[in-house]
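Asker: Chain by chain, the residues run as shown.
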Amino acid sequence: MNIEISHVSKFFAKKEVLKDISLQAREGEILCLLGPSGAGKTTLIRLVTGGLRPDSGEIRIGGQKFPNRDTIKKIGFMPQDDAVYSDLSGLDNLLFFGRLFGLSGKELRRSTEDALHWVDLEKDSTKLVSRYSGGMKKRLSLAITLLHNPSILLLDEPTVGIDPVLRKSIWDRFENLRLSGKTIVVSTHVMDEAVRCQRAALLYEGCLIENDTTENLLLKTRSGSLEELFFTAHKRGEGL
Amino acid sequence: MKGLVIRILRQMGNDRRTLALMIVAPILILSLLYLLLGEGSYIPRIAVSENFPAALMTELQKQDVEVTILPNDGNTVTGTDTNTIHDALLKEKSTDAVVSAASDGIHIRMLEAGNSKTASVTNALKNAAASVSPSSSMSLSYVYGRGDSTAFNSLGFVLLGVLSFFFVFIISGISFVRERETGTLERLMATPIRRISVVGGYTFGFGILSAVQSVLMVLYSRYVLGMEFEGSVWLAILIMVLLAFTAVSIGAFVSIFANNEFQVMQFIPLVVVPQMFFSGLITIDTLPYGLGNLSYFMPIYYGCAGLEKVLIKGFGIEEVWKDICMLLVFIFVFFVLNVLALKKYRKL
Chain A
2 MNIEISHVSK FFAKKEVLKD ISLQAREGEI LCLLGPSGAG KTTLIRLVTG
52 GLRPDSGEIR IGGQKFPNRD TIKKIGFMPQ DDAVYSDLSG LDNLLFFGRL
102 FGLSGKELRR STEDALHWVD LEKDSTKLVS RYSGGMKKRL SLAITLLHNP
152 SILLLDEPTV GIDPVLRKSI WDRFENLRLS GKTIVVSTHV MDEAVRCQRA
202 ALLYEGCLIE NDTTENLLLK TRSGSLEELF FTAHKRGEGL
Chain B
-15 MKGLVIRILR QMGNDRRTLA LMIVAPILIL SLLYLLLGEG SYIPRIAVSE
35 NFPAALMTEL QKQDVEVTIL PNDGNTVTGT DTNTIHDALL KEKSTDAVVS
85 AASDGIHIRM LEAGNSKTAS VTNALKNAAA SVSPSSSMSL SYVYGRGDST
135 AFNSLGFVLL GVLSFFFVFI ISGISFVRER ETGTLERLMA TPIRRISVVG
185 GYTFGFGILS AVQSVLMVLY SRYVLGMEFE GSVWLAILIM VLLAFTAVSI
235 GAFVSIFANN EFQVMQFIPL VVVPQMFFSG LITIDTLPYG LGNLSYFMPI
285 YYGCAGLEKV LIKGFGIEEV WKDICMLLVF IFVFFVLNVL ALKKYRKL
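Residue numbers (the working numbering), protein chains in the order written: chain A, 2 to 241; chain B, -15 to 332.
These aren't lab readings, by the way, just hints derived from the structure by calculation.
Incorrect hints may have been included.
As the list claims (entries may be wrong) - Selected chain B positions facing chain A (in silico; Cβ < 8 Å):
(1) G(-13)
(2) R(-6)
(3) D(-1)
(4) R0
(5) S78
(6) K101
(7) T102
(8) S104
(9) T166
(10) E170
(11) R171
(12) A174
(13) P176
(14) I177
(15) A325
(16) Y329
Quick caveat, the model's predicted, so the values are computed rather than measured.
Don't be surprised by glycine CBs; every beta carbon is placed ideally from N, CA and C.
With the hints as extra help, turn the sequences into a complete structure.
Answerer: If you want it as structure tokens, here you go:
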């Protein structure tokens, strides 16, 4: 399923946090939203989860105008903060969100087992989340996102605070998901992660400053680092 | 919705302390108040002046009081000196009341106004006076309740109502605000769940807990503390559960205006304390400036009024259905408001 964002603007208390954004995320590709904090990455993702409505413009998912309840079922959303219940066990967290997506009985049990296996939390599934480490919570949050086998994954800074080894294994898994035909949108401010994505959209102060394949974007830079593109944008902004 | 109810009960099961707060704390408070307001065995100490009428004196000594006779210093009868001596006696707490007889009647002097000792002293004197001249005896009787029921008995309904509202209000408010704070609410609203099911799940999840709490509180005060119930225990439980349901909805509603747990606590003096004044602690008919009308906006008023009718007056459903309906109105109104408030998280 493709995500088409066309001419979307969003205001918070008269401040325009997203300015006329047009962007596409394609099936079988990882789209990376890059930008410093406050650039509007989270707002853009929340527009695609249905949590916010654009003030102008529209979002289509799989050709259908969004939000609608059928499409919401096909989205897996991983918020920036862990957003798990710390007074429940990992397993109970999964069971709860599984039920919300309409899973039950054998299907629910199988999906939770798969998700726990995927993030390597099988051993600790009955422990209370309050006793989890930061990385474990992150992995649980990821498991919840994948539980109902969504076609679209919206991941808001999924690897913040995760050690390099785990980060690599998570990105390897994103790659597998992509190859199985999912549409993946990842926000990050770690430039290195962008090279693992097929496309990158660079957000700066609510504006989309670049939107192209990662390959093409890298060609535009002299140093071979995407950061350079932000420095250019910053200079341009000062010049105005 | 079922999933939400299961989750809330699981969370409570894992959080032993909160569970204990809901179950143990009300029982502890009820027991404490039972001891504080229960049968008083206090014997007031009365000092009488020497010129006190002998007949009255004899009768007074027959009452449950400790009588001492003050030596008359003879200098003056009503002079300031005597009064100073009397006041000194009261201040050093060697007696609770100084009683002296004068041409214009009996004078009673006590340390403070509005003290529970006042009633026991005046009762003793009234009874003594009645024994001396039986024709002036007064006997008081009531349509509802008995004169000799303890304060715990006659105010028990207030305790049951206020406690069942208070704890559920705090717990639902905090748990809802926590859901906002940790981002789980946002995640919840990114699932296909309907807004009405979120509020419904919350109301029923905490409703079940508060029902357990109410049953325990009623049974404990009835069978362990021996509170006198005139009417049906089940009707009382029904009213308490409905009151707790309004507490869940109001708690969740208030949490919209709170950014963290501490700010939920700040709503206690705003939401809970004023309602306590209208719970039956103060007789509403006697309130000045038409303030009594405020009670019509307070769920605790309806809950406690209903409980009073059932527990003290022994009324049945035909007399309390109006209070029950008003509680249902509160539940409905705040339910709708909460569903609307969730629009902030998803318009759908």
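Asker: Output the indices of the hints that this structure fails to meet, ascending.
Answerer: 4, 5, 6, 7, 8, 15
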